[in-house]
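Enquirer: Quick mapping for you: the protein sequence lines, in order, are chains X and P.
Residue numbering for the first sequence follows the UniProt record's numbering, beginning at 1 and increasing consecutively.
Residue numbering for the second sequence follows the UniProt record's numbering, beginning at 1 and increasing consecutively.
One or more of the hints may lead you astray.
It does not matter which identical chain is meant; a pair holds if it fits inside one copy or across any two.
Claimed, not checked - Here are the simulated DSSO-like cross-link-like pairs (lysine-lysine), alpha carbons at most 27 Å apart as the crow flies:
{"#": "1", "residue 1": "Lys82", "residue 2": "Lys152"}
{"#": "2", "residue 1": "Lys238", "residue 2": "Lys177"}
{"#": "3", "residue 1": "Lys238", "residue 2": "Lys152"}
{"#": "4", "residue 1": "Lys275", "residue 2": "Lys197"}
Keep in mind that the hints were calculated from the coordinates and are not lab data.
2 protein chains.
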Amino acid sequence: MEQKTGFNVAVVGATGAVGQQMIKTLESRDFPISKLTLLSSKRSAGTKVTYKDTEITVEEATPESFKGIDIALFSAGGGVSKELAPHAVSHGAIVVDNTSAFRMDENVPLVVPEVNEEDLHKHNGIIANPNCSTIQMVVALQPLREKYGLSKVLVSTYQAVSGSGAAAVEELHSQTKAIINEESFEPAILPVKSDKKHYQIAFNAIPQIDVFTENGFTYEEMKMINETKKIMHDENLKVAATCVRIPVATGHSESVYFEVDAADVTASDVQSLLKAAPGVILQDDIQNQVYPMPADCVGQNDVFVGRIRKDLDAENGFHMWVVSDNLLKGAAWNSVQIAESLVKLGLVK
Amino acid sequence: MEQKTGFNVAVVGATGAVGQQMIKTLESRDFPISKLTLLSSKRSAGTKVTYKDTEITVEEATPESFKGIDIALFSAGGGVSKELAPHAVSHGAIVVDNTSAFRMDENVPLVVPEVNEEDLHKHNGIIANPNCSTIQMVVALQPLREKYGLSKVLVSTYQAVSGSGAAAVEELHSQTKAIINEESFEPAILPVKSDKKHYQIAFNAIPQIDVFTENGFTYEEMKMINETKKIMHDENLKVAATCVRIPVATGHSESVYFEVDAADVTASDVQSLLKAAPGVILQDDIQNQVYPMPADCVGQNDVFVGRIRKDLDAENGFHMWVVSDNLLKGAAWNSVQIAESLVKLGLVK
């Protein structure tokens, strides 16, 4: 069967922070769409969204919504994905799922196109989009791993609140306003809406993203650890993460320490490699105070890397600073990019 | 000569962010003062400051200001310390200097009382107070080093703007207000007032504190590296730092990875040790979402530690999260604490 040239695409979670970015990205990339179906919970159904000058009414997502859909981009929470993705697949759609529902399922490829696009060939209907903080890190590490071998990664994150959804952005905004105006406020969303306690995020730093696991790491930290190993097909890669929420609306930053296998690699080698790397923009000119910052990355698809320097003790150790728009490369753009790869590889029948 | 019971104390930089905290701390600690002399630049001289219900007029600091002074606490910038500290010493005062002017001078002890109080005996008139981000880290690491041996430290910081002075706090405040009100603004202070470019700090993260050195690390990062080795008397200790400014007014946070020499140490061992450690308050109960945060540490002298967990790969590796008020333990309180130690050890003649 020959591949089509225009596809029926569904976005599930169309009214959410990431869903909105998916629609914008499909438009800005001019993705070959025959029909765009926008789906949401019952509560948000009826919302009108403009795509390429056409108004589309958001419909309630049901098992039957996926009849005739070629590609379904899911970003409506793990529960919705678990319930509806299998229905989408049974109707013949390929699902690109932005939730954590299927990421560690061994039958589901976990894909960042710059790193493991070839894993798409092994899909069984569902492809998982990794966690936002994982994606930007592996994009920056993959060229180094390919050329020099990678043995160890230690990352501390500086994550934006939009990773917790639009309500968390609103909480940062309203709390900031309250503090500036010396008014009282009651934290209700962050660090984790479903967890017991909520803390101030404005003018603060919260060392908890997602709930805690038994080993003392949070799920967010374990996502970075396990997903990195899966994407890179390297169970022996040493990875550790500390994930921290800071009062930034959009744009995750990461302080990454890594060790390569090869000897005699210089910081300049790393810079040259990343300058030419797909999906990476090198911003590393300390003489002119050029380095990535979250305020500068918003709205851009790339991963920005700077502050590259050799460790002063470990012969094969390096430090770098990695910044990206968590709603784009960390979510919407990586999902649409997977869809583009599926089309390019002739996998959408 | 017997030690006095009341001392003539001078605070140089009395109108600055740290100077103000020094005065408050001298008062709250009920430091044995006979006479308190408050000194500043010519510009700020004449300011009136209340100490224990008495109004004191701030005077211009000159070489002659130190006649009869027993202890002089300096926090008016490196230039002022370099110029006036030798005069203070020649008049018989012991100088506790909060600037970086003498920290790496081999004739000047660099002291955090919980770590190396005994170094005070070797002073030649000047004692240096370490950099704020160094102090809180070594307080948390020292008990571990003493009991288990310490071989390696990797730290990523989340530093408050008050480390750059009161003008930086005002910049964070006014920028935040401008962004909330959708007004324009012009960064003028951060990341480094004297450097060429200035960047937005509100809702952003800036991976530059102090200017850059030739090896790609900033001076702030090199301070953490070199000062930690000096305070711990261990040139072979492996230390690396990435220092980042975040939109928090007061309270530095640090994501610290460290490796101990001893085998079979557990996270619970580390917790027990830090629970009993001087100057440390353990806040580590993830079941109840208890961990340190900068918004909670403001106004307290202690170093708060949480998120202690064993690395999943390195047998002797651990992660922890260290938070402290950068103006207190990071500056004013450590300086006053050094003065208390000097008195306790009978070193103020």
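Enquirer: Hint by hint, say whether it matches the structure.
Expert: Here's how the hints hold up against the structure:
{"no.": "1", "hint": "Lys82 to Lys152", "verdict": "neither (33 Å within a copy, 43 Å between copies)"}
{"no.": "2", "hint": "Lys238 to Lys177", "verdict": "neither (42 Å within a copy, 43 Å between copies)"}
{"no.": "3", "hint": "Lys238 to Lys152", "verdict": "both (5 Å within a copy, 17 Å between copies)"}
{"no.": "4", "hint": "Lys275 to Lys197", "verdict": "between (43 Å within a copy, 23 Å between copies)"}
Hint compliance for this structure: hints 1 and 2 are not met, and every other hint is.
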